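> What follows is the residue order along each chain.
Protein chains: 2
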Amino acid sequence: MKTTLVREIYKDKEFYSHKEIKVSGWIRTSRGSKNFGFIELNDGTFFKGIQVVIGNELENFKELIKLSISSAIVVTGKLVLTPDAKQPFEIQATEVEIEGESTNEYPLQKKRHTFEYLRTIAHLRPRSNTFSAVFRVRSLASYAIHKFFQERNFVYTHTPIVTTSDAEGAGEMFRVTTIDLKNTALDEDGNVDYGLDFFGKETGLTVSGQLAAETYAQAFRNVYTFGPTFRAENSNTPRHAAEFWMVEPEIAFADLQDDMKLAEDMMKYIIKYVMDNAKEEIEFFNKFIDKGLLDRLTNVANSDFEKITYTEAIEILKKAKEKFEFPIEWGSDLQTEHERYITEKVFNKPVFVTDYPKDIKAFYMRLNDDNKTVAAMDLLVPGVGEIIGGSQREERLDKLEERIEEFELNAEDYWWYLDLRKYGTTKHAGFGLGFERIIMYLTGMSNIRDVISFPRTTKSAEF
Amino acid sequence: MKTTLVREIYKDKEFYSHKEIKVSGWIRTSRGSKNFGFIELNDGTFFKGIQVVIGNELENFKELIKLSISSAIVVTGKLVLTPDAKQPFEIQATEVEIEGESTNEYPLQKKRHTFEYLRTIAHLRPRSNTFSAVFRVRSLASYAIHKFFQERNFVYTHTPIVTTSDAEGAGEMFRVTTIDLKNTALDEDGNVDYGLDFFGKETGLTVSGQLAAETYAQAFRNVYTFGPTFRAENSNTPRHAAEFWMVEPEIAFADLQDDMKLAEDMMKYIIKYVMDNAKEEIEFFNKFIDKGLLDRLTNVANSDFEKITYTEAIEILKKAKEKFEFPIEWGSDLQTEHERYITEKVFNKPVFVTDYPKDIKAFYMRLNDDNKTVAAMDLLVPGVGEIIGGSQREERLDKLEERIEEFELNAEDYWWYLDLRKYGTTKHAGFGLGFERIIMYLTGMSNIRDVISFPRTTKSAEF
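Protein chains in written order, with UniProt numbering: chain A, 1 to 463; chain B, 1 to 463.
Take these hints with a grain of salt, some might be off.
It does not matter which identical chain is used: a pair holds within one copy or between any two.
Here are the simulated DSSO-like pairs of lysine-lysine, each with C-alpha atoms no more than 30 Å apart in a straight line [to be verified]:
| hint | residue 1 | residue 2 |
| --- | --- | --- |
| 1 | 422 | 62 |
| 2 | 66 | 2 |
| 3 | 321 | 110 |
| 4 | 422 | 48 |
| 5 | 307 | 345 |
| 6 | 261 | 48 |
| 7 | 66 | 19 |
| 8 | 459 | 182 |
| 9 | 34 | 66 |
| 10 | 147 | 268 |
| 11 | 86 | 48 |
| 12 | 261 | 147 |
| 13 | 78 | 22 |
| 14 | 349 | 321 |
| 15 | 399 | 13 |
Honestly, the hints are just simulated from the structure, not real lab data.
What you are looking at is a predicted structure, and each value in this text was computed from that prediction instead of being measured.
Please build the complete structure, drawing on both the sequences and the hints.
So this is what it looks like as structure tokens:
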């Protein structure tokens with residue numbers, strides 16, 4: 001008999017009512033007496049499980065009733081709707097095969113575990129309610145991102161992971177090498193001879209795919225990257241990981257307004273897609289992880305995002321009665337406390353802050369006519385603070401060269417990036433979304449280690 | 001006026017006929033006389049461009065007629081259908097703004113360039129017909145993969161890129177480190193003290209996400225990974241890159257037959273999706289790159305894949321009149337020449353070869369009852385050879401432990417992988433698809449360097 005997936009039964013229980021079906025999965029809970037027992041079976045396809053009723057007429061009843069949590073079984077029986085019970089239906093088993101037994105040493109017994117403990121069994125935690133919900137949402141949000149951009153005819157571009165320079169100046173890089181560390185060959189000046197390394201030069205892990213993506217935007221107009229990025233920063237916070245995924249669209253013939261429009265549309269699309277396709281999971285988060293979640297997501301999905309300039313933001317913050325840990329002056333970067341004040345207390349919805357001082361933003365951002373600010377935008381959202389950072393890119397060759405000099409970067413490293421400004425440059429823009437940030441936002445989970453399957457952080461690369 | 005995308009015009013030219021529209025893009029070719037000129041404009045959204053007619057009534061006509069290839073312009077004018085001409089329509093310009101000029105030094109002039117040369121300008125090559133087609137197909141194939149699995153409710157899992165051991169034994173790894181190579185700290189035994197490294201232990205770049213994906217399959221039933229993988233192998237061939245993308249589904253409660261069914265369905269889905277959504281590109285490849293392409297793809301999309309065992313394959317090869325470079329005996333691995341003979345000469349369609357000798361396959365593959373072979377499968381396709389490798393996984397704890405010992409691997413490194421066999425193990429299977437292989441297959445491109453935006457190979461990590 002063909003196996004029926006629990007997700008299908010939830011989608012159309014009337015269809016399966018009183019039919020004989022076969023399901024298979026893992027035992028989440030089990031209770032019983034001498035004559036009958038109830039097993040909550042989760043088959044992995046749906047957040048909720050199915051109740052299996054077993055009676056002592058089954059020849060292996062005694063074995064079944066003793067099965068440990070997480071044992072895998074295959075159940076044949078009749079599906080019966082149970083409109084008066086807590087669960088909508090149950091399966092009355094006529095045969096139960098044991099596919100794989102678990103033991104009492106199973107580390108994920110049915111009791112409350114701390115998230116810290118569950119990180120030590122990251123290979124098993126997706127079998128719990130919380131992490132099954134987190135990682136299904138992560139999968140759905142990934143797909144929503146692809147769907148959003150592909151429906152708009154954006155070209156998905158796999159930018160390189162191994163790169164030759166920290167081209168963006170965005171952060172500390174990991175080195176990638178095949179050099180024998182015990183026996184590093186030095187050249188005559190006493191420097192490491194990277195000519196002998198695998199790629200024949202010094203290489204590291206990418207911190208951003210943006211610059212490479214820009215080259216493709218000048219061919220395909222609208223492109224996006226979605227892949228892993230890395231920061232070798234010793235920041236042991238709940239919001240930083242050494243390995244995380246980023247989404248980076250780049251759009252040609254577009255300015256900062258177009259960029260913000262795209263970011264707003266994308267955010268709303270992702271939220272709506274996840275709310276539509278992970279109803280049970282979002283309900284669970286709203287109930288057990290973050291009580292205001294559902295309201296907040298609904299609010300964001302339906303509100304027009306606010307837009308203010310950095311200069312206006314500074315004025316608001318200076319007038320605020322709130323005591324901030326970090327004092328704020330025009331020219332200093334906004335801290336999370338400032339960002340959250342603006343988005344939560346002042347506007348209570350997502351806010352784009354634009355036109356930051358040029359000295360606190362990257363070299364590639366377009367210089368405004370005031371010569372003091374750049375056409376940057378950060379999107380701040382309630383509960384998180386900054387979730388997206390973007391800008392219109394400097395498309396003018398002379399200005400870009402000046403900025404590269406101001407930042408004391410080596411223009412030769414950017415020959416190909418500068419080429420884009422020589423051979424048919426266009427107004428263009430883009431942004432980066434830290435993918436884990438939006439998963440935290442969608443789930444209410446407050447530690448980045450709990451939204452990455454096997455997180456990599458300072459001194460930790462388990463599994 | 002809102003900008004109209006060239007893709008939209010091709011989709012519904014009647015709608016735009018005789019309307020005033022605005023388009024923007026880059027000049028691909030240009031020719032003219034004193035009084036009028038023709039510009040072929042590509043706006044990045046569609047393989048084909050649009051013809052722009054300019055006349056000397058335009059005040060900047062003289063400038064326009066001299067614009068170099070790849071200059072960016074914004075054109076306003078009337079769309080006119082041209083049923084008798086080569087191109088289906090043209091735009092009669094009433095205004096042309098120059099967005100960004102190119103120069104005569106533009107390295108991608110309108111003439112035949114070798115693919116080797118174009119690799120040296122990888123930042124510009126997507127502006128050529130061939131590479132615009134390759135990288136749009138790559139984007140569409142990526143999306144087809146996500147769509148295929150998501151429609152089947154598979155959970156997309158981001159398995160880690162930085163890993164602690166070459167868990168699969170699949171190949172040479174790159175080291176990831178923040179240790180100062182000039183000043184490597186050694187411990188008292190004279191070994192590198194990885195305790196001082198970023199992650200506190202020796203780390204490298206993943207060669208496969210399979211083992212990690214298996215942990216998620218035991219929670220979600222059906223999962224897939226799709227991400228970059230790395231091999232530090234000095235193989236300077238047209239088929240190997242140091243950095244490439246892999247698709248790896250893992251399915252629980254499933255055997256080798258289910259695995260082959262999934263692989264066949266996926267292959268057909270990807271091919272059909274790309275043929276439906278990149279008609280112009282596939283036609284181009286069929287005409288200029290690989291004359292048999294369209295027939296081959298159509299054939300594969302519509303044929304039932306063949307299944308033979310490795311032992312049968314050996315018999316066929318031994319009987320073959322073909323002279324092979326590598327002699328073939330039961331127990332030796334199939335070489336590309338053997339694979340291609342089977343799929344091209346014998347069956348002329350895709351062929352699954354199953355049940356390979358256990359000694360030439362990985363430790364995690366399920367041992368067959370004959371104790372000599374494992375439940376492995378390779379999918380061979382005409383024109384390429386092996387494109388997919390998969391297996392039913394060994395779900396029995398004792399057998400898996402024996403195999404780990406036989407392969408002289410350290411069981412402690414696999415504690416979490418072995419846990420899956422202790423706590424509710426299930427029959428399960430999976431496979432890996434080298435993503436670049438299928439792009440080569442879909443486009444007829446014969447060098448992997450030409451289907452990766454910025455390829456990383458031995459001694460080469462440019463851009």
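> Does each hint fit the structure? Answer for all of them.
Hint-by-hint comparison with the structure:
no., hint, in the structure
1, 422 x 62, "between (78 Å within a copy, 21 Å between copies)"
2, 66 x 2, "within (27 Å within a copy, 69 Å between copies)"
3, 321 x 110, "neither (47 Å within a copy, 64 Å between copies)"
4, 422 x 48, "between (57 Å within a copy, 24 Å between copies)"
5, 307 x 345, "within (15 Å within a copy, 65 Å between copies)"
6, 261 x 48, "between (37 Å within a copy, 28 Å between copies)"
7, 66 x 19, "within (28 Å within a copy, 76 Å between copies)"
8, 459 x 182, "both (21 Å within a copy, 22 Å between copies)"
9, 34 x 66, "within (11 Å within a copy, 93 Å between copies)"
10, 147 x 268, "both (13 Å within a copy, 20 Å between copies)"
11, 86 x 48, "within (12 Å within a copy, 59 Å between copies)"
12, 261 x 147, "both (17 Å within a copy, 26 Å between copies)"
13, 78 x 22, "within (9 Å within a copy, 63 Å between copies)"
14, 349 x 321, "within (20 Å within a copy, 74 Å between copies)"
15, 399 x 13, "neither (64 Å within a copy, 40 Å between copies)"
Checked against the numbered hints above, the structure breaks hints 3 and 15 and satisfies the rest.
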